[in-house]
Amino acid sequence: MSTLLEPPATTAAPTVAAPTTAAPTTAAPAGAAPAGAAGPADLADLAHEVRELVLRMGTTAHGTHVGGSLSAADVLTVLYHEVLRLRPEQPDWADRDWFVLSKGHASAALYAVLAQRGFIDRTELATYGAPGSRLAGHPLRRLPGVEFPTGSLGHGLSLASGVALGLRRTGRPGRAFALLGDGELQEGSVWEAAMNAGHHGLDNLVAVVDRNGLQISGSTEECVSLEPLGDRWRSFGWAVAEVDGHDLGALREVFAALPDSAGRPTVVLARTVKGRGVPLFEGKKKSHSVQLTPRLFQRALTGLNARRAR
Amino acid sequence: MTATMPETAAQLPGAAGAAQAAEPTWQERYGVAAREVYRRTLLELARTDPRIICVDSDMGGLETLFGEELPSQYVNVGIAEANLMGVSAGLAATGLLPYANTLSGFAAARACEQVKIDVAGNNLPVRIVATHAGLSAGHYGPTHHAVEDLAILRTLPNLTVVVPADAVETEYAVRATADLPGPLFLRLGRAATPLVHEEPYEFTVGKARELRAGTDVTIVATGPYPVSMALEAARELAARGVSARVLNMHTIKPLDREAVLAAARETGGIVTVEDHLVAGGLGAAVCEVVTQEAPCRVHRIGVPDRFFDHVADERQLLELAGINPAEIAAAAARLAAAPR
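Each protein sequence line maps, in turn, to chains A and B. Residue numbers for the first sequence follow my numbering, beginning at 1 and rising by one. Residue numbers for the second sequence follow my numbering, beginning at 1001 and rising by one.
Rather than coming from a laboratory, the hints here were simulated on the basis of the structure. The beta carbon of each residue, even a glycine, is placed where N, CA and C say it ideally should be. Among the clues, some could well be false.
[Unchecked claim] Non-contacting residues of chain B with respect to chain A, defined by C-beta distances greater than 12 Å in every case (computed): (1) 1060; (2) 1094; (3) 1111; (4) 1113; (5) 1116; (6) 1235; (7) 1253; (8) 1340.
[Unchecked claim] Listed next, with one range per pair, are the computed distances between beta-carbon atoms: (9) B/1235 / A/133: 55 to 63 Å; (10) A/131 / B/1210: 25 to 33 Å; (11) B/1316 / A/242: 53 to 61 Å; (12) B/1036 / A/261: 42 to 50 Å; (13) A/299 / B/1143: 54 to 62 Å; (14) B/1307 / A/133: 39 to 47 Å; (15) B/1078 / A/285: 43 to 51 Å; (16) B/1339 / A/188: 54 to 62 Å; (17) A/92 / B/1027: 44 to 52 Å.
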C-alpha cells in the first residue's frame, strides 16, 4: 500500500468517525440535526484536506477529474459534515438523507469526504483507479455511502426525485440531494426531472449545481449557454438559492434554510471556480482531467498550501 | 416464481352452474387486450400491497384507474421516459415496487441507458411494463413499432424479460413476478389477440411451456401471434404426418436452456418464431444455447432487417414480414425431413 495518500502531518487531521448525535453549530430546522459536527474552522480544514486528497488521487495511474472535484470540494464538505444526516456505521439507515453524485466524475472529492466521515478507510484512497479497487473513476454502488452508480450525466436528478417521492410515500424524514455539474444541465433528462419534481412539489429534494462555468470544450456559455440559469429553474417550479460555492458559512446558511416553505424543491446554484484552491488549475478547462506527475503534484500542493495560508 | 389464478375453470360459469352466472366467462375475462388484463391485475395486487406504485408516463386510463381508488399509489411523470426509469429506480431504492408504464419502443430504445444503468445496473425491483410491442402498433407506423426491444433488453444483466402469449398468461406473469427481487421487463401488445390458453395451467417464470408434444421437429415461439401461429402450423404438420413439438417461450431471460437443449437433442431441429427482428431476439437466444451445447439446425422466423413504412395493421405487417403459419410449417417440414 502506497503511503502517498496518508494524511500529511501539516493538515489538522479531523476525526474520521464523526459522532452521530452532536449538534450543529448553526441553526437548523427542527429535526434536521446533521450527523456531522464540524465547526467553522474545522470545515475549512476539512475542505482543504479534501482538495489535497483529490490531488493525491490525481497522481494515480489514470489521474482524476481534478478541476470539477476541486470546484465541488466546499459543497461536499459542508454537505457531508454539516447537512446530511448519515450513519457511516449503518449506511442503509432507514431515516438517512440520500446523496447522489450526479456529476459522477467528481468521484475523488466524494471518496475524500466518505473517508473523512468513516464510510471507507483513508488508506483505501490510495487504490483509486487501480485494478481491484472499489474506487472507480465514477462511483460504484458497492462502495459504502454510494446510493447509485453515476457517471453518465443526466441520471442523478431523476434518481433523487424517485427517492424523494419514495421517502414521502413511506413517511420517512430523509431528504434527497443531488449534486449536478453545470455542463450536465445540457442533458435533456435533467429537465425532464426538473419539470416533474417541480410539478410534484418535492420539497424534500435538493439539487446543487456546481456552477463552475466550464466544461471540456470551454465556457458553458460558449458551448450551449445555461443562463439565465436561476430563472430557468424558477420557471420549472423550484426555489432557487444562489450562493458563493466556496463560502463555507454561506453554504451552511443556505442548507440550514431547507426545506422550502412553499413546498417546492430547492436548487442551490453554487457559483464555483473550476480547479478552486490550486492556482495552477483555477479557471482552466484543462484541469478537467489530469494525471499529476510527482513534479506537477508538488507544484499543485505548494499552491494549495500557499492559498490556504493567506 | 409460479403464479396461481384466483379462479379455476370449475368456478367459471358453464362449469359451475347458475349460482355463479354473474361471473364473467373465460372469454369475457380474457378476450380483451393483454394490457387491460395487466391493469386489472395490477390494481388487484396494489389493493393489498401498499408497496406497489403505478408510475405512469401519460399512457391514458391509468390516471382514472389508480387515481380514483389508490391515488397514493399512483404518480404520473408525464411524457418523459428517461425520467420515468430514473424515478422508478429511485422509488424502488426506498423499498417500493414501481410499475413503470410506457411503450416498448420507448422503454428499450429511448430510455435504454436509464434501464441499463439505473434499473438493471442497480438490480432494483422496477417492473417495466411495455405495451405496443412488436408490430402491434400497426398503422401507427415504424416510430411505434418495437421489433428490436428484445435484442436490446435481453443483453442487460439482472433483467428478467417476459413475453406473455395472451391475456391469460399476462395475468399469470404479473402475479408470478409480483415478488421478483430484481427488475422485470414485461412485453405486451396493443390490441386483443387470440387466446392460446383456454383453461388454468401452471406458469413459472423461466420455464417454457410445452403446448404440444412432438418428436420430429420443435417450434419455439414467443409472443401472441407467433405462439398461436406455431400451434396452427403444428396442426397442419400433424395432418401431413409430421410431429411438431410447440414450446411457448414466454420468458426470454432467463431462457429455459433445458427445454431448448431437450428440443435440440430429441427432435433434431428447431424453428423459432417471434414478432421481433430475426437479429438478436428469441431465435438468436436459442442459437446461442444450441451452438454451444447441442448443435442442431435452427430456422429463425421473424422480422427482416428493414423498417416497415407501410400503413398496415398488425396481421398484415406480420404477413409482410413472412411470419405466418404456412412459412412456419414449411420451415418445420424441411427441418423434420433433413437428415439428423
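Structure-based check of each hint:
{"no.": "1", "hint": "1060", "in the structure": "holds (18 Å)"}
{"no.": "2", "hint": "1094", "in the structure": "violated (3 Å)"}
{"no.": "3", "hint": "1111", "in the structure": "violated (9 Å)"}
{"no.": "4", "hint": "1113", "in the structure": "violated (6 Å)"}
{"no.": "5", "hint": "1116", "in the structure": "violated (9 Å)"}
{"no.": "6", "hint": "1235", "in the structure": "holds (48 Å)"}
{"no.": "7", "hint": "1253", "in the structure": "holds (21 Å)"}
{"no.": "8", "hint": "1340", "in the structure": "holds (48 Å)"}
{"no.": "9", "hint": "B/1235 / A/133: 55 to 63 Å", "in the structure": "holds (60 Å)"}
{"no.": "10", "hint": "A/131 / B/1210: 25 to 33 Å", "in the structure": "violated (47 Å)"}
{"no.": "11", "hint": "B/1316 / A/242: 53 to 61 Å", "in the structure": "holds (58 Å)"}
{"no.": "12", "hint": "B/1036 / A/261: 42 to 50 Å", "in the structure": "holds (44 Å)"}
{"no.": "13", "hint": "A/299 / B/1143: 54 to 62 Å", "in the structure": "holds (55 Å)"}
{"no.": "14", "hint": "B/1307 / A/133: 39 to 47 Å", "in the structure": "holds (45 Å)"}
{"no.": "15", "hint": "B/1078 / A/285: 43 to 51 Å", "in the structure": "violated (36 Å)"}
{"no.": "16", "hint": "B/1339 / A/188: 54 to 62 Å", "in the structure": "holds (57 Å)"}
{"no.": "17", "hint": "A/92 / B/1027: 44 to 52 Å", "in the structure": "holds (49 Å)"}
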